[in-house]
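A.B. asks: Chain by chain, the residues run as shown.
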Amino acid sequence: MEPNWQLLLAAGLAYLLLLFLSAYAAERAWLPKSLVRHPMVRLLALGVYCSAWAFYGSVGMAAELGYGYLAYYVGLAIALVFSAVILRPVLELAKNYQLASLADLFAFRYRSRWAGLLTTLAVLLAMLPMLALQIQAITDSITLLDPNTRAWPVALLICLLLLLFSVLFGARDVSPTEQHPGLIFALAFESLFKLIALLVLGGVALFELLDNWGMDVFNLNSVPPEFVLTTPALQPVQWFSLLLMFISAPLVLPHLFQLLFREDADLPRIRLASWAFPIYLLLMALPVLPLLWAGQGLLGPDNPEYYALGLGMALDKPWMVWLAFLGGLSAAAGITVLAAIALASMMLNHLVLPFHKPRFDRDVYRWLLWVRRLLIGVVVILSYTLYLFLNQVQSLSSLGIIASTGLLQLLPGILGLLFWSGANRKGYLAGLVVGLAVWASSLLFPMLTTSLDFAERLPLHFAMNHDQWSHTTLLSLGLNTLVFILVSVFTKTPRDEQEAAQTCVITSVDRRHRLPLKALNANEFIDALRRPLGQIMAEQEVKRALKQLGSPLGEYRPYALRRLRDTIEANLSGLMGPSVAQALVDRYLPYVVEGENNRDDIYFFEQRLDGFHHQLTGMAAELDRLRRHHRETLYNLPIGVCSLADDGEILLWNRVMAEMTGISEDQAIGARLDSLPAHWYDLLDSFLKSTTTKLTVEQPDPGSQGKRWFSLHRNAAERQAEGIVILLEDETENKMLESELVHSERLASIGRLAAGVAHEIGNPITGIDCLAQDLKYAENREDIEQIGQQIREQALRVTKIVRSLVNFSHAGQDEDKSEHQPYSLQQVVQDAIDLLSLSRDVNPVIFINEVPAQLIVLCDAQRLSQVFINLLGNARDASPANEVIRVIATGEEESVVVEVIDRGGGINQNDLDHIFDPFFTTKEVGKGTGLGLFLAYSIVEEHYGHISAESPAFATEGLGTRFIIRLPLHRVLPEVTS
Amino acid sequence: MPLSLLLKLLILPIYLLLPFTLNWSLGPWPWLLPFVIWIVLILVNAMAEVLRSRR
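For the record, the sequence lines run as chains A and B. Using the working numbering, the first residue of the first sequence is number 275, and each one after it goes up by one. Using the working numbering, the first residue of the second sequence is number 959, and each one after it goes up by one.
None of these hints come from the bench; they were simulated from the model. Worth double-checking, as some hints may not be accurate.
Here are the in silico distance ranges between beta carbons for each label pair [as the list claims (entries may be wrong)]:
1. A:810 / B:1011: 43 to 49 Å
2. B:1011 / A:630: 31 to 37 Å
3. A:278 / B:1011: 51 to 57 Å
4. B:998 / A:865: 40 to 46 Å
5. A:572 / B:1001: 33 to 39 Å
6. B:1001 / A:906: 38 to 44 Å
7. B:1011 / A:824: 50 to 56 Å
Every residue gets a Cβ at the ideal spot worked out from N, C-alpha and C, and that includes glycine.
Construct the complete structure from the given sequences, taking the supplied hints into account.
C.D. replies: In structure tokens form, the structure reads like this:
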């Protein structure tokens, strides 16, 4: 039965309906998810690359160029072999920054909406012949089978159906990471169908060659000479021109870009495709030569591109005709749908949005969706219009090569994007314009003019010289590259482009600067974005980004806010393109730039390195291992380590720091110091502002009602490369031990005083006893009153001694120590002198208290008097009998200097450095604990003071010791808040 | 240089010269020769990818 165009059209529509149904079934989950999501489905979907040009045009190319047709398949295979170098960096950029197309990539890298715009126009201009080719293939096949066909209405109907398919399955919603599982499944189906169709057709052709011509299928010499003579030798320049076109295919073809880098793309899929998809390409290439030879033998030299179709008619096998027709339709339909979707997205981001913004009082997402649908229609209509204009004059291969040469002009820009940080937008735009100009003048315009001049189908030759297309390819690419390099080298690259180059170029490191944002929390982000995006969209985008980062709505840490900004920009890039997204975010979420900022975001850098460390090799891997080792060491130090940038941002917060403060690493790193809980902020801030490099303070213990002691240290250098490092050590245990020691020393002091106290109390008691006896003999009232008064005086003396002892022994015992109180320094010294005077001593000495009464210190009086008890006690032990021991104090502006000076034997120079060490004593065994001066030192430190010793005090005489204590005066002592 | 990358670089020249391999025809398989060589190149690439994934 001779197929007529109505039957063919019906069959075609039925097949397209089948594709619809398969896509719909996948979308509605009627098919098992394991099937829809199977890696083989994704792999087969890549078969959309083999369009009608592969199904029909390859045979034509084989007729013209011999084995040159293999370039179509081998080019893509080579690109996949080196996917790690070529495709993987693009995948990472596309995923991290939500770049949906090549135009997005260029706009992002070259920081220019003009780069995006020109790229979009170039791709659209170059793809139109490719899409017209698909429509022509369908109508050619119908026309060949039924010469009565009216091609243009048939083509229009097919286009409308494909438009409907594209809109239904390719533009259903708008999101930065939208997926089209139904569409992918349909593409996989059509790829499998056309592969099977071509293999069957090739198999039949091979069988025919074997059977009818007795050809040894493996031996070229057995092929009849008329076959071989019509296959010209392949010129190397033709081969390498074609290879160049098709090696760049995965990057420059918008439908392949969509599949490889957008549709749920990940690294394992690309890795699978890199070795498995060439098998598909090989199988598609294999039947071409048998089809060519069988066609030459049965059909003659005309229309080699449609040998697949004509073979069935020649052999009188209608099923072959239907198979070839549907296979060709399948091949044409897939690319048309996907390319239209990809081009529409590109046009939306770079031709529409930069010049016409949606009204944000309406549903922006709906607006974006409908504009995209409209643009899909525009692409299909433009393709149809070009098809009509070309009037089926051009061969499929001509159209394919014209399109591929146009797309090839993007290759220098891509290579610059990935491998050359010196490339800039001026160079890219200049090179692209020059390349496109050569291409248009040599190939595109002649194509259009010959379509007007000629009424019959032209062969592959484009001009008088049949090699012109390969020379045009190399010339346009060469000039493009040359201009690109020269302009980039001799023009200045703006700073924003340099930063983008650091992100994109695979040999560069993405160095972000640590800049504060104007918005201080996530709510302020929403407020800032409300104006350009509207309330609903602003909230939705901020919440989407927060969810992706796992951050709460109340996020405040500067580091996290910077990541939030980046994520919002990436998501908006997926919706509106990088140019619009970047402009919007730069304007409404600006950084606060103060002067020249070279502060690197170290934490961001570390996070990136952690993500890539398994990819490092050689020296880089070793250095990274060393970095991780040092970081682990810092993190696990048994002391708290905190690193602060000079703007107060926390860069490092190790495990012990987190345990001691109760603030986790996640909460601290990237936050500012002033966002820490109040008592920790006050402590760290006051320490940073002071000039001291060591501080011991008391802080409330979050786990109990008590308090803990911490000592803080920092380096003495004024400025480090990356701010300040603070060490935090828990001194609670030491302080408790010290407190016990002080108490023990106090009791020991009391013990030493015991004999003297007993004697001192005994004297007034004896006196009272004598007076009581005298009272018995008192005769008059006057005598009684006098004796009574004397008894009272003695009793008061005893009371005073006992009270002093009790106060002294009780001080320091309580856990709830009293806070430091203002106390007269003179009284503190006098209390110590009074207590020492109680003890009987072999060497009575004279204590002179020359401390002015007006000097007030903030202190724990009992603990401070312990200091003077120890110093005066030692001075007495060292002094000869009846010698004077002076205590002198001099008030300065903010502190007081107290000197305890004796005229004793002095301290040996060798011992002077050790006298404050615990358990160090020069006294005989049993005479001293060795803790007195150690405790004195600790107590003075507690009071924010300093103690030192000089010996000899009187240099000319070579005797005496001077202890110098510096204490802050009451009015300037800083408060330690708790 | 990793072995996987070395293997890929080794097969690259053969890919580039694939259509000209007909001139190497030894024996009865001339027109199929480029395809046979291509299958070998696919297998070598697959092996390189396995090595890379293990690394």
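A.B. asks: Indicate, hint by hint, whether the structure satisfies it.
C.D. replies: Here is how each hint holds up against the structure:
Taken as a hint, the range 43 to 49 Å holds for the pair residue 810 (chain A) and residue 1011 (chain B), whose Cβ atoms sit roughly 44 Å apart. At roughly 47 Å, the beta-carbon separation of residue 1011 (chain B) and residue 630 (chain A) lies outside the given 31 to 37 Å, and the hint is violated. Checked against the hint of 51 to 57 Å, the C-beta distance between residue 278 (chain A) and residue 1011 (chain B) comes to roughly 54 Å, which is consistent with it. Taken as a hint, the range 40 to 46 Å is violated for the pair residue 998 (chain B) and residue 865 (chain A), whose Cβ atoms sit roughly 55 Å apart.
Range check, residue 572 (chain A) to residue 1001 (chain B): about 36 Å between beta-carbon atoms, so the 33 to 39 Å window is met. A C-beta distance of roughly 42 Å is found between residue 1001 (chain B) and residue 906 (chain A), which places it inside the suggested range of 38 to 44 Å. The hinted range of 50 to 56 Å is not satisfied by residue 1011 (chain B) and residue 824 (chain A), whose Cβ atoms lie roughly 29 Å apart.
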